[in-house]
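As a plain string of letters, each chain reads:
There are 2 protein chains.
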Amino acid sequence: YNRTFWDSKLERQQVAAQFVWPADGRVQPAQDSKQLLNHAVATGKKVFFVFRTHTCGELRAVHIGQEVTLCGWVQYRRQDLFIVLRDFDGLIQIILPQEETAAQLKKILCDISLESVITVTGTVISRPSGQANPNMVTGEIEVRVQSAEVLNSSRKLPFETKELVKKSEALRMRYRYLDLRSSQLQYNLRLRSRMVMRMREYLCNLHGFVDVETPTLFKRTPGGAKEFVVPSREPGKFYSLPQSPQQFKQLLMVGGLDRYFQVARCYRDEGSKPDRQPEFTQIDIEMSFVNQASIQKLIEGLIEYSWPEEKGTITLPFPSITYAEAMGSYGVDKPDTRFGMKITDVSEVFRDADVSFLRDALGQPCGVVRSISVPKGNQYIFTIEDWFFIVTVINPCQQDVTFVTLQPDGTWKSVLTKLLTDGEKSELCRAAGARVGDVLILTAGDPNTANAALGKLRLECATILESKGVALRDHNAFNFLWVVDFPLFLPKEGNPEELESAHHPFTAPHPEDAYLMCTEPQKVRSQHYDLVLNGNEIGGGSIRIHDMELQHYVLETVLKEDTGLLLHLLEALDSGAPPHGGIALGLDRLIALTVGASSIRDVIAFPKSFRGRDLMSNAPDLVSPEELSTYHIQVSQPAGSGEDTTQS
Amino acid sequence: YNRTFWDSKLERQQVAAQFVWPADGRVQPAQDSKQLLNHAVATGKKVFFVFRTHTCGELRAVHIGQEVTLCGWVQYRRQDLFIVLRDFDGLIQIILPQEETAAQLKKILCDISLESVITVTGTVISRPSGQANPNMVTGEIEVRVQSAEVLNSSRKLPFETKELVKKSEALRMRYRYLDLRSSQLQYNLRLRSRMVMRMREYLCNLHGFVDVETPTLFKRTPGGAKEFVVPSREPGKFYSLPQSPQQFKQLLMVGGLDRYFQVARCYRDEGSKPDRQPEFTQIDIEMSFVNQASIQKLIEGLIEYSWPEEKGTITLPFPSITYAEAMGSYGVDKPDTRFGMKITDVSEVFRDADVSFLRDALGQPCGVVRSISVPKGNQYIFTIEDWFFIVTVINPCQQDVTFVTLQPDGTWKSVLTKLLTDGEKSELCRAAGARVGDVLILTAGDPNTANAALGKLRLECATILESKGVALRDHNAFNFLWVVDFPLFLPKEGNPEELESAHHPFTAPHPEDAYLMCTEPQKVRSQHYDLVLNGNEIGGGSIRIHDMELQHYVLETVLKEDTGLLLHLLEALDSGAPPHGGIALGLDRLIALTVGASSIRDVIAFPKSFRGRDLMSNAPDLVSPEELSTYHIQVSQPAGSGEDTTQS
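Each protein sequence line maps, in turn, to chains A and B.
Residue numbering for the first sequence follows the numbering used here, starting at 48 and increasing by one per position.
Residue numbering for the second sequence follows the numbering used here, starting at 48 and increasing by one per position.
Hints in this document: simulated from the structure, not taken from any laboratory.
Hints are supplied without guarantee of correctness; some may be wrong.
The list cannot tell twin chains apart, which means a pair is met if one copy fits it or any two copies do.
What the hints assert, rightly or not - Restricting the straight-line Cα-Cα distance to at most 20 Å, the calculated cross-link-like pairs of lysine to any residue (SDA-like) are:
#: 1; residue 1: 273; residue 2: 676
#: 2; residue 1: 472; residue 2: 359
#: 3; residue 1: 570; residue 2: 470
#: 4; residue 1: 213; residue 2: 461
#: 5; residue 1: 273; residue 2: 673
#: 6; residue 1: 203; residue 2: 614
#: 7; residue 1: 465; residue 2: 233
#: 8; residue 1: 203; residue 2: 597
#: 9; residue 1: 515; residue 2: 469
#: 10; residue 1: 320; residue 2: 280
#: 11; residue 1: 154; residue 2: 439
#: 12; residue 1: 214; residue 2: 612
#: 13; residue 1: 381; residue 2: 150
#: 14; residue 1: 320; residue 2: 282
#: 15; residue 1: 515; residue 2: 549
#: 16; residue 1: 503; residue 2: 514
#: 17; residue 1: 472; residue 2: 484
#: 18; residue 1: 273; residue 2: 674
#: 19; residue 1: 460; residue 2: 427
Bound-form chain A, shown alone (with noise of 0.2 Å):
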């Protein structure tokens, strides 16, 4: 241990509290807070309340002849000769002094590892002729040192610090903390700081919605599997961390608050499911006396007015589409609209094609035969691998298919060649829409299932086409889509006689199916939405119900729920609740979709592993059987278990 090493630390920080003020005069600390705010806007904030005069990325030919102070990290250094500094803001090429007057200066700098923090005093020139560095924002200028001072020296890393991104997430997680100042993950944090403010300035300012913070520290939500359990002081009793604060903003409606929003954490215990996180944030949205086409359009403005300005221009009012349509088109609730192959139909040609097969199919009840057609297919695809991915992704549907490839030639390769005449062919190619160079994948079955597994076909189809240079999606497109008059009801898995909720039970019925609702509710649609983007579901909502005896055959008849758990909700509506409806927006999927990454952890600073770890801290951890005593709980070991602390 040695103490003179850190002393002097303390010293060199008493000494840079005198550099707390810009020392170019611009600035005075008797100024008071007005005139400080004044300031900070007229000359771009950056500099304020630290001791530096500018930030690295800020500096250009116009401030050439001015002495700056820069605060940042040894990015790279060149022989003896430059240092490239950096900061949240940019690089900077500092140039170091060669007077032997300025030897120990020099040595320094010259001495100091990467990654170290120091600040630099010294004067913007000009770079000579000819070397300007046009690929650097600051490439035209440079800082020559006069004096300088590390603030900090770092450790040699494992590894350098660009090289992290080219590293194993696992690592990358390990050392978030260097993850962090990558160019790309500062980007991701500060565009998400960016469009949040701006959907607060548009919702609370614009439209005097209220920002409520709700609890997360609830009661457990009837069949709330998912849900987190907290143990309570009390013996035996838990509290539950709410996968949404659904109750909640009803409950804000009842009590008049008329608009509420937040950005709300949530919680939900999934396991290990991939690119899902334990906790996440949604923007949290429900308003009084409303419609479903008003919270539509309130939506489409927020994410107009919270759009950054270099992902390019949305359009409103986005297109919209029903669940019968989304299924029945793209075999999915959240199509990607970015490309065609849509489902058809191809039902009609086979009805009275001598192929077999597809004629019994045909004749079961409600019997369809559809297609998607591939375009390029017989260029770009069914090579064994592709055959491989194709027969992975249609295993889980349990479905046949059949391939037609349309060669070149005029002629087809398909165990459908002999079967056809030429002229059900033709019509099946126009039928499916299908040109000569396509490959046309059939299927046969009831409509669900022949739908879900094409869905999946075009998804995979499409990868593959792009994997091999196709251009088919347009990359830096952001097609926004409703989707709308979900059903109410589906059946239940493992037990499809009774009914659950689509989505919640809170989901008020589509007004011109109201009078399905005691004879036939599996027929019933239902006032929710989702909001898809590029293929993914970005958000969903509803309007609620919002009377009580509704609410109540809802509960108990149709869905054989007790009650009893949510009487609080059932007082609630009956005690003079407004019509409502909401919405929440899955905040990381939309800001990872925005940026372009491939996965929502590069949006979240400090994100959980695959299977819920956090890699920095080692969390989750063992806890005393003492310190749980206090929440009366023990751990009980299952079966033959044994540790498991390794694994991520």
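Take the given structure of chain A and dock chain B to it, following the hints.
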């Protein structure tokens, strides 16, 4: 179950949906969102996206003659003549039609229960001459109803809404959604939202702070006895809900984020401490390349910028006193400076006086005699009840006190009367600043104990005086105060030979005391600072240790902590950590003091009770052993414990 009942309601919803856009033609659905935004800004943004054309509270004489559509709650009905309709924005009087042709409309409005939700369309008219209500902002006008619709009827509530405020707090929390309709809670929550929005504008838009969300499922901190645990699916492994984002914000600085803020949800399990909530919110701020004075300036500007106009002007800069001064003059580290009654040292008076018990105390090492002078104490204080209070207050200090009543006739009532000479008496009055009519309270012992006892008595006497009508503190004053130069370490509770951090182990030592770190760490002051408002701590922060070796020394050598648990932080400090510091403001407390609420529960939408219960939903609650088995835990009932579900 009455089918037609809600079927007809659903139809009404459908009808109501056509009211979405204001009927007065000001806005057409075809307009794009940019136009809407401009319009929203121009018109005051209260009518958008909803059925209504105006809010109840915004109508004035200028609207006379206009047809308006309003939505709201039936607040009050007088015979068959009028209804008072309420929404979040205020109250408006609705005149019922008396014509025979409108008999059905009249009947609907006469039959409706209080707190039902209705929409009415009618014409704004002037109130008859002499009938204007000057106590109502809409009191010059009323609305003559032309059509109306019941959107939702309310059951007969267990109490009248306006009476709820007089009910027990338990009842208010059980029916929180009704309590939220009160104008006071509406004001509190809206002011909170407004102030937080202004803070965000100041930090984000004016000063370049980045809003970063940090995880709440984290690793247990060493000695984190007040952290809730969250079982994970890994047997025996637990997350912890952090008490603050302290580690994360420092890691963000190491990651080069430069300026971080977050309106952060924090968790603290303190059992049943009064006026604490298991979850609370802090404005969390951290900056790089900064010193203490800069952060204080930043925060002063933040408070000024976000301060609500209706609460008067804030004067900057805030006064600042050292911890030592605060303890010496007020006996507490969060002084209420709205009144005097400061502690004075009167040791010199008694050094030679013939008062043996005081002279003996002065003979002890560090022994002192100190006093406070209670103005008008002779007139207003010291009934039997006052004595009881005072004894209760000082009892925890185990401190004897002596009283001197300076009676109007110039005589003393005190055990000291006969022990002091006239000269000593007047010297005591001079030293203590006591006047005729005051009561002087004296105590002797070591300075810490004496100050602590007098500090408590000072506050208690102020409360007693105010309860008797003496105007002591200005309850419209907002006395902000910095307390600085706290000790870095304190003797450990229960083991005074060892040291513990006065705040947390990441606090940097005061540069002037750095030389004492190895020799006399107990004498080192810190770079910690507290922000105090009217005697309440509303924030605290510090310059942090950015040097790995110093941090390691503090943790291992001074505090005897297991550094292994903070290895990730030590590694981060050794990887190029910039000098940094920050602060956290307790938002709940700040808002409560701003609005003058007696409890933070009045500025939280859904607070927990004293015992941490949600009285509306009855959380925490039992969870089945099957559900707990996912998390490999089981409940261990404490011996002799019974069920306890009713208390709160």
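Here's how the hints hold up against the structure:
| no. | hint | verdict |
| --- | --- | --- |
| 1 | 273 <-> 676 | between (25 Å within a copy, 13 Å between copies) |
| 2 | 472 <-> 359 | neither (44 Å within a copy, 83 Å between copies) |
| 3 | 570 <-> 470 | neither (39 Å within a copy, 98 Å between copies) |
| 4 | 213 <-> 461 | neither (44 Å within a copy, 81 Å between copies) |
| 5 | 273 <-> 673 | between (27 Å within a copy, 13 Å between copies) |
| 6 | 203 <-> 614 | between (61 Å within a copy, 17 Å between copies) |
| 7 | 465 <-> 233 | neither (60 Å within a copy, 76 Å between copies) |
| 8 | 203 <-> 597 | between (66 Å within a copy, 19 Å between copies) |
| 9 | 515 <-> 469 | neither (32 Å within a copy, 105 Å between copies) |
| 10 | 320 <-> 280 | between (32 Å within a copy, 13 Å between copies) |
| 11 | 154 <-> 439 | neither (61 Å within a copy, 67 Å between copies) |
| 12 | 214 <-> 612 | neither (49 Å within a copy, 25 Å between copies) |
| 13 | 381 <-> 150 | neither (65 Å within a copy, 51 Å between copies) |
| 14 | 320 <-> 282 | between (32 Å within a copy, 18 Å between copies) |
| 15 | 515 <-> 549 | neither (38 Å within a copy, 63 Å between copies) |
| 16 | 503 <-> 514 | within (17 Å within a copy, 74 Å between copies) |
| 17 | 472 <-> 484 | within (15 Å within a copy, 112 Å between copies) |
| 18 | 273 <-> 674 | between (25 Å within a copy, 10 Å between copies) |
| 19 | 460 <-> 427 | within (15 Å within a copy, 106 Å between copies) |
Consistency with the previously given hints fails for numbers 2, 3, 4, 7, 9, 11, 12, 13 and 15, ordered from lowest to highest.
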